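2 protein chains.
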Amino acid sequence: MKDFFKVKTIEQALEYTTRFARMETENIALAKSAERVLAADIRSDIDLPEFARSIMDGYAVKGSSTFGASEGNPAYLTVTGTVAMGELPDFSIGSGQAVRISTGGMLPDGADSVVMIEHTAAIDDNTIEVYRSVAPGQNMVAVGEDLKKGERLLADGCRLRPQESGLLAALGRQTVKVYKMPRIGIISTGDEIVPVDTRPGPGQIRDINTYTLSDLVRQSGAVAVAFGIVGDDYDALLATSADALKDCDMVIVSGGSSVGARDFTIDIISAQQDAEILFHGISISPGKPTILARVGEKPFWGLPGHVVSAMIVFSQIVTPFIDHISGLAARENEPFRLTARLSRNLASAQGRVDFVRVRLNRRGDDLWADPVLGKSGLISTMVKADGLIAIGMNTEGLDKGTPVHVIPL
Amino acid sequence: MKDFFKVKTIEQALEYTTRFARMETENIALAKSAERVLAADIRSDIDLPEFARSIMDGYAVKGSSTFGASEGNPAYLTVTGTVAMGELPDFSIGSGQAVRISTGGMLPDGADSVVMIEHTAAIDDNTIEVYRSVAPGQNMVAVGEDLKKGERLLADGCRLRPQESGLLAALGRQTVKVYKMPRIGIISTGDEIVPVDTRPGPGQIRDINTYTLSDLVRQSGAVAVAFGIVGDDYDALLATSADALKDCDMVIVSGGSSVGARDFTIDIISAQQDAEILFHGISISPGKPTILARVGEKPFWGLPGHVVSAMIVFSQIVTPFIDHISGLAARENEPFRLTARLSRNLASAQGRVDFVRVRLNRRGDDLWADPVLGKSGLISTMVKADGLIAIGMNTEGLDKGTPVHVIPL
Numbered sequence: 001m002k003d004f005f006k007v008k009t010i011e012q013a014l015e016y017t018t019r020f021a022r023m024e025t026e027n028i029a030l031a032k033s034a035e036r037v038l039a040a041d042i043r044s045d046i047d048l049p050e051f052a053r054s055i056m057d058g059y060a061v062k063g064s065s066t067f068g069a070s071e072g073n074p075a076y077l078t079v080t081g082t083v084a085m086g087e088l089p090d091f092s093i094g095s096g097q098a099v100r101i102s103t104g105g106m107l108p109d110g111a112d113s114v115v116m117i118e119h120t121a122a123i124d125d126n127t128i129e130v131y132r133s134v135a136p137g138q139n140m141v142a143v144g145e146d147l148k149k150g151e152r153l154l155a156d157g158c159r160l161r162p163q164e165s166g167l168l169a170a171l172g173r174q175t176v177k178v179y180k181m182p183r184i185g186i187i188s189t190g191d192e193i194v195p196v197d198t199r200p201g202p203g204q205i206r207d208i209n210t211y212t213l214s215d216l217v218r219q220s221g222a223v224a225v226a227f228g229i230v231g232d233d234y235d236a237l238l239a240t241s242a243d244a245l246k247d248c249d250m251v252i253v254s255g256g257s258s259v260g261a262r263d264f265t266i267d268i269i270s271a272q273q274d275a276e277i278l279f280h281g282i283s284i285s286p287g288k289p290t291i292l293a294r295v296g297e298k299p300f301w302g303l304p305g306h307v308v309s310a311m312i313v314f315s316q317i318v319t320p321f322i323d324h325i326s327g328l329a330a331r332e333n334e335p336f337r338l339t340a341r342l343s344r345n346l347a348s349a350q351g352r353v354d355f356v357r358v359r360l361n362r363r364g365d366d367l368w369a370d371p372v373l374g375k376s377g378l379i380s381t382m383v384k385a386d387g388l389i390a391i392g393m394n395t396e397g398l399d400k401g402t403p404v405h406v407i408p409l
Numbered sequence: 001m002k003d004f005f006k007v008k009t010i011e012q013a014l015e016y017t018t019r020f021a022r023m024e025t026e027n028i029a030l031a032k033s034a035e036r037v038l039a040a041d042i043r044s045d046i047d048l049p050e051f052a053r054s055i056m057d058g059y060a061v062k063g064s065s066t067f068g069a070s071e072g073n074p075a076y077l078t079v080t081g082t083v084a085m086g087e088l089p090d091f092s093i094g095s096g097q098a099v100r101i102s103t104g105g106m107l108p109d110g111a112d113s114v115v116m117i118e119h120t121a122a123i124d125d126n127t128i129e130v131y132r133s134v135a136p137g138q139n140m141v142a143v144g145e146d147l148k149k150g151e152r153l154l155a156d157g158c159r160l161r162p163q164e165s166g167l168l169a170a171l172g173r174q175t176v177k178v179y180k181m182p183r184i185g186i187i188s189t190g191d192e193i194v195p196v197d198t199r200p201g202p203g204q205i206r207d208i209n210t211y212t213l214s215d216l217v218r219q220s221g222a223v224a225v226a227f228g229i230v231g232d233d234y235d236a237l238l239a240t241s242a243d244a245l246k247d248c249d250m251v252i253v254s255g256g257s258s259v260g261a262r263d264f265t266i267d268i269i270s271a272q273q274d275a276e277i278l279f280h281g282i283s284i285s286p287g288k289p290t291i292l293a294r295v296g297e298k299p300f301w302g303l304p305g306h307v308v309s310a311m312i313v314f315s316q317i318v319t320p321f322i323d324h325i326s327g328l329a330a331r332e333n334e335p336f337r338l339t340a341r342l343s344r345n346l347a348s349a350q351g352r353v354d355f356v357r358v359r360l361n362r363r364g365d366d367l368w369a370d371p372v373l374g375k376s377g378l379i380s381t382m383v384k385a386d387g388l389i390a391i392g393m394n395t396e397g398l399d400k401g402t403p404v405h406v407i408p409l
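Which chain is which? The protein sequence lines are A and B, in order.
Just so we're aligned, residue 1 is where the first sequence starts under this note's numbering, counting upward by one.
Just so we're aligned, residue 1 is where the second sequence starts under this note's numbering, counting upward by one.
Looking at chain A on its own, in the form it has when it is part of the complex (with noise of 0.2 Å):
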């Protein structure tokens, strides 16, 4: 219980985010770019359509030419020709005229507006009836309707969506300045793991968090490298966590949620070159014992033994520190959430946020929130739940029926 004083809420706790700096960067082909997060502005050096486009198979005309058009009094125009399409027509129109053009075709000169062709009919092969009026503008993309000329479009930190990548393949982007993926390193600790292809002893337990947060940090957008099981052994988790520092941006220890385990973390990370523990404690239930460290530039995280514990911290403490270093801009407000109804009064102790796993189900026309509990140690629980509620510091419980935002899981 040494460094107790050490203990941040969650908010100070993320405030040591800006202590670390954020990945380098790198230019990678568009088509791999899915999901990662641009590390520059994007403005637009065209405009795009780059010529007016026809929106609808049709004619282009003028406007003016179909005023007054209806049914019962059709406008009579001159066809005098046909946009190939992907080519510059090589003609204008003039009042009274109007060519044949396909979605997509480049309206020729004096042209301002399509007729959709379901509006018209063919008199001869040279004359078409036109049954509604078009204004101009209509059934058409002007030049820069969709991005002008020097726009900012995009900003650095902000991932790539299947949309943003479609934007920077409309400009011409074969590549993309992106920043690099962190290695996140996890490595489990304790005498009583075992690995997944070893039956279990007594009193032993097989290796469940290497899993979990390997898949934790892959779902964060970083990489995984996982280093194994490590026993309570100083010499043997000295040289693990060194080999992962060296080889990783940050570094997850997992396990030593016991008291001596705990000490022996914080052993771990003094004998570490320009360490220096930035907390010991949080005030969140469950995840209490969570130890956070800078070993030189990168953060070395001490997370709780218990898979429901550090799955919690991790998806509610590490994972903004990992989108930080990514490049990923701060969110401008806290991520829209589902609401749901809680379906049964819950305590909760003030002075911590409590982290209750919920699972959500209809009932009439409403989405209720039913808690799964159930020890920390219980990985049922979380593969029950689809989601988190939090209950805050100063609230003593909530009652049935109380709206709570879900955070998923």
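It is worth saying that the hints were derived from the structure and are not from the lab.
Small disclaimer: the values here were computed from a predicted structure and weren't measured.
Where a beta carbon is used, it is the ideal one built from N, C-alpha and C, also for glycine.
Treat the hints with care, since some could be wrong.
[As the list claims (entries may be wrong)] To give an idea of the chain A side of the interface with chain B (calculated C-beta under 10 Å), a few residues:
id, residue
1, GLU50
2, GLU87
3, GLY104
4, LEU160
5, GLY172
6, GLN204
7, LEU216
8, VAL223
9, MET311
10, PHE314
11, LEU378
12, MET382
13, GLY401
Fit chain B to the known structure of chain A by using the hints.
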């Protein structure tokens, strides 16, 4: 406009999913199984834990030895040993006795609970004072409290989250039976489309759909295989379609949103052996001119060329087909959606479902969905949007303030 009678509602379109077989299965390493779809029910062949396990640092005791203990009236217990981590205690305890134990340690015979170290004080090397009573079962996990032997834990068709990987690790599953990831071929068509590395000439635009659709395919847990751009050339599209059908489990042709090009896609489908058009047109906007065919046993899509239409059809119509062939179990309910309030009146035509792009903004206590208006060829509108809202078939529009469900983009 031929085959107009085959226009389907969304629900009718989605009924065709079951026409297609699920992927074959494969056994893969647990460490590679993140986000994959499980292809077998998982039952526990063990009790977990297999031994009674402490979840605190302290002393294993018979609870009855502490009954009535308090600060003013402590119980005095004799310390008879220490449980080593990961080992079977080779001693048992009786009334009035205690053994030192760490979190994760195995309770010795005779012990039924654990006193937290914080609630004790050492009197001498062999004696402790205990200030609080513990009930049998307290501060420990009983045999089988997490998982019971024979219990069905995971069902065929579930997507493996980090906690499911952890569960499989706990069971010692080094390999996992999953459905193979479908390979989805993507073909962009249109004489006006040029590759990203080419400067578009007049009337030309760069290929966007290959990038947006490939990224959407990856988001859906499938493998994207891009076949590049094919001009409006029957023989070339026939050859590329045949290549894609040979290599992939599903093929998506985008573009061809003009009437002529749509007929063209139909002709290409009809030219394949054992091909059947399942529908041509869906009552949604944007995205109506969508074609689904069965070629042999494989789905073959004709998607609109406009980038917004193609993305919306992908997310609403194509994704459920990918989910189905990927082996995902049918969702029992609609997915849980964020609710926001519509920030302005929106008109809508009856007889179709309108999908409107929205940007989410928190104003005061409410989350508002601000419509992002713009034509369905404008990629910038998708970049600005956080999600989509649907305006139902039988609705003339939605009033400002109406609660709407938001489909994330």
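Exercise. Tell me, which hint numbers fail for this structure?
Worked result: 8, 13
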